[in-house]
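As you go down the protein sequences, you meet chains C and S in turn.
Per my numbering: the first sequence ends with 355, consecutive numbering throughout.
Per my numbering: the second sequence ends with 432, consecutive numbering throughout.
To be clear, the hints were calculated from the coordinates, so they are not data collected in a lab.
Warning: the hint list may mix true and false statements.
Said to hold, decoys possible - Some but not every residue of chain C turned toward chain S, in silico, with C-beta under 8 Å:
1. 75
2. 80
3. 90
4. 92
5. 153
Keep in mind it's a predicted model, so treat the numbers as computed, not measured.
For every residue, glycine included, the Cβ atom is placed at its ideal position computed from N, Cα and C.
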Amino acid sequence: MSFLEVLNVCKSFDDQAVLKNISLSIEKNEFTTLLGPSGCGKTTLLRSIAGLSSLDSGRVLLDGEDITYKNPRDRNIGMIFQSYCLFPTMTVFDNVAYGLRLQKIPPEQTREEVQGVLESMNLLDKAKSFPAHLSGGERQRVALARSLVMKPKILLLDEPFNAIDAKMRKSLQLTVKDIHKEYGMTSILVTHDQEEAMRMSDTIHLFNDGVIEQSGTPTDLYLDPKSKYVASFMGNYNVIDANSFSRVTHGRYQEGKTVVLRPEAIELEKLPFEEGSPGHTFVGAITSAVPQGSIVRFGVDTEGVVLNVDVLVDKATAFRVGEQVHLRILTDKILSFCFGTRFSILKRRVHD
Amino acid sequence: MNRNDKQSKRTHLPLIIRTVLLLAGILLWEYFATNGRYNPIFTSHPSGIIKDSIVFVTSGQLYKHASITVLEVFGALFLGSLAGIALATFFGYFSFAGEIFTPIISGISCIPQLALAPIYVLWFGLGLQSKIFLAGLMVFFNVFSATYGAIKSMDKGILESANLLGASEFVTLRTVVLPSCMPWILSGLRGGVSAALIGAIIGEYIGSRGGLGWMITYSTSYFNISRVMSCILVLLVLGLALNKALDLLERRVLVWRTVTTLGTERLKK
Numbered sequence: 004m005s006f007l008e009v010l011n012v013c014k015s016f017d018d019q020a021v022l023k024n025i026s027l028s029i030e031k032n033e034f035t036t037l038l039g040p041s042g043c044g045k046t047t048l049l050r051s052i053a054g055l056s057s058l059d060s061g062r063v064l065l066d067g068e069d070i071t072y073k074n075p076r077d078r079n080i081g082m083i084f085q086s087y088c089l090f091p092t093m094t095v096f097d098n099v100a101y102g103l104r105l106q107k108i109p110p111e112q113t114r115e116e117v118q119g120v121l122e123s124m125n126l127l128d129k130a131k132s133f134p135a136h137l138s139g140g141e142r143q144r145v146a147l148a149r150s151l152v153m154k155p156k157i158l159l160l161d162e163p164f165n166a167i168d169a170k171m172r173k174s175l176q177l178t179v180k181d182i183h184k185e186y187g188m189t190s191i192l193v194t195h196d197q198e199e200a201m202r203m204s205d206t207i208h209l210f211n212d213g214v215i216e217q218s219g220t221p222t223d224l225y226l227d228p229k230s231k232y233v234a235s236f237m238g239n240y241n242v243i244d245a246n247s248f249s250r251v252t253h254g255r256y257q258e259g260k261t262v263v264l265r266p267e268a269i270e271l272e273k274l275p276f277e278e279g280s281p282g283h284t285f286v287g288a289i290t291s292a293v294p295q296g297s298i299v300r301f302g303v304d305t306e307g308v309v310l311n312v313d314v315l316v317d318k319a320t321a322f323r324v325g326e327q328v329h330l331r332i333l334t335d336k337i338l339s340f341c342f343g344t345r346f347s348i349l350k351r352r353v354h355d
Numbered sequence: 164m165n166r167n168d169k170q171s172k173r174t175h176l177p178l179i180i181r182t183v184l185l186l187a188g189i190l191l192w193e194y195f196a197t198n199g200r201y202n203p204i205f206t207s208h209p210s211g212i213i214k215d216s217i218v219f220v221t222s223g224q225l226y227k228h229a230s231i232t233v234l235e236v237f238g239a240l241f242l243g244s245l246a247g248i249a250l251a252t253f254f255g256y257f258s259f260a261g262e263i264f265t266p267i268i269s270g271i272s273c274i275p276q277l278a279l280a281p282i283y284v285l286w287f288g289l290g291l292q293s294k295i296f297l298a299g300l301m302v303f304f305n306v307f308s309a310t311y312g313a314i315k316s317m318d319k320g321i322l323e324s325a326n327l328l329g330a331s332e333f334v335t336l337r338t339v340v341l342p343s344c345m346p347w348i349l350s351g352l353r354g355g356v357s358a359a360l361i362g363a364i365i366g367e368y369i370g371s372r373g374g375l376g377w378m379i380t381y382s383t384s385y386f387n388i389s390r391v392m393s394c395i396l397v398l399l400v401l402g403l404a405l406n407k408a409l410d411l412l413e414r415r416v417l418v419w420r421t422v423t424t425l426g427t428e429r430l431k432k
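Full structure from sequences and hints, please.
Take a look at the structure:
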């Protein structure tokens, strides 16, 4: 039996089903992410695990114990909120000591434990500050410390990095990851940020409108999406209808299907590819170039279809907007779907 | 002159100007009233007020009447704010009851309480109770609406955090909710202080056997304006003292708040 089991969980708000018979299991020490757009039910599920939101049906088991109807304060679950939710009238120290004091832990031991966790969070010099005088990143670290000091069975993170600036966000993500390892924590992160999910998780459950669309490792979801939805959510996939794609590549793709392919799976060259080289080769014109750190994303127009093509930045300097370029797509990189669900994978046999 | 000297001069300047203006006003008042420029029966004059104040104090009248008014004000502040905080908290937790009753309470608060003062005197008599009831009700409306608003606008996540850390609802109320609502409760209390003073004085105007309000109406009927002014001076001191006490309380209780000033910094050459 897994450490956390969510079994056939349903929840509606005003006749609107938010969780539609969800089941999932999470192993001890696993870092799991519930990923999806806003309103897909991921936060509701997280809140149900914490006991902050009641369920219409289904059960939640933690460490072998049915906690479906248990009061949140008896669950020993830590939760980090997007808006930090620190107690504004208490100092950092008192915030972190709050839970221990409620448990009537002796003051001396409380002080030691609080200082220990503040030290590991690099917050010792802020112990006497009030939350209003801290930066966003510091506040979220205090919130983490406040949860960790209670040694929770499971740590829930509800979009904790949203309100934090980009640079601080990266370092906080690393902190959370480190804590997860150091404390042997079992963590569930809720986010709508696909890159964040890829960076942090052992397992991702991708939500779509109250159901789990696909579960797996980040690489699984990225390289082997089971539906158009997953493909378009996980990567900046090119999504093209089969007709147009056949026109561009002079290949034969079944009408009514949709073809998706990752932008880095398309090769770009100034000179023509060798005669008889594998895959589809064709010509296009660069219409746009957007630098994105280590890569540049080019828009390439071929017979009215604009494909996104990612090129590593040192190679990208060779290309200019307006230039004519040669493209190649290896057939095993092409995925094709029918009515949103995967119909067949080309690498197994679609193209002749 | 170094920069610090300049700055301290700048901060003292408003105080100096204010004092000079006030002194000038008092001197002009004294001059015009005593030189027959107008009939001093309407306003009395500073030296007359000082003379009367000395009699007021030494005769024991000040103590007798001021203590009645102070008792009414404190009684009203205590009972009114206690009831206000308690009821606001109750409705905050039992939101169904809150939905039923808060519109009624805000409806009643729209009636000018002073209009009801004669009825309260009828109910509770000429003693302290009618004044404490009137003033207390005015304090209650101030504190209740401030506290209820504060509780309603509390971040739900903070309450949930406390719950997840093991706090029961009562513990959360005591350790998290009420402390966080303190800025609003105190501002309700500040409104309550002036409401309590008004309620007590007007209550005494309408029907009483003593108190500063009674003394004011009594003295006015004998054209003893100096005594009226002495009473007003005492009320001024009382009001200032209560406000100062609130300032001190605020500074102690609200150390955790950041203070914002609306002015933007001016660029200097």
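Hint-by-hint comparison with the structure:
Evaluation of the residue 75(C) hint against chain S yields a held restraint, the C-beta minimum of about 5 Å falling below 8 Å. For residue 80(C), the suggested interface contact is upheld, since its CB lies about 6 Å from the closest CB of chain S, less than 8 Å. Hint status for residue 90(C) relative to chain S: holds, with the closest Cβ pair at about 6 Å, below 8 Å. Nearest Cβ of chain S to the Cβ of residue 92(C): about 4 Å, under the 8 Å cut. The hint holds.
The criterion of a C-beta within 8 Å of any C-beta in chain S is met by residue 153(C), whose closest approach is roughly 6 Å, and the hint holds.
Comparing the model with each numbered hint stated earlier shows that all of them hold.
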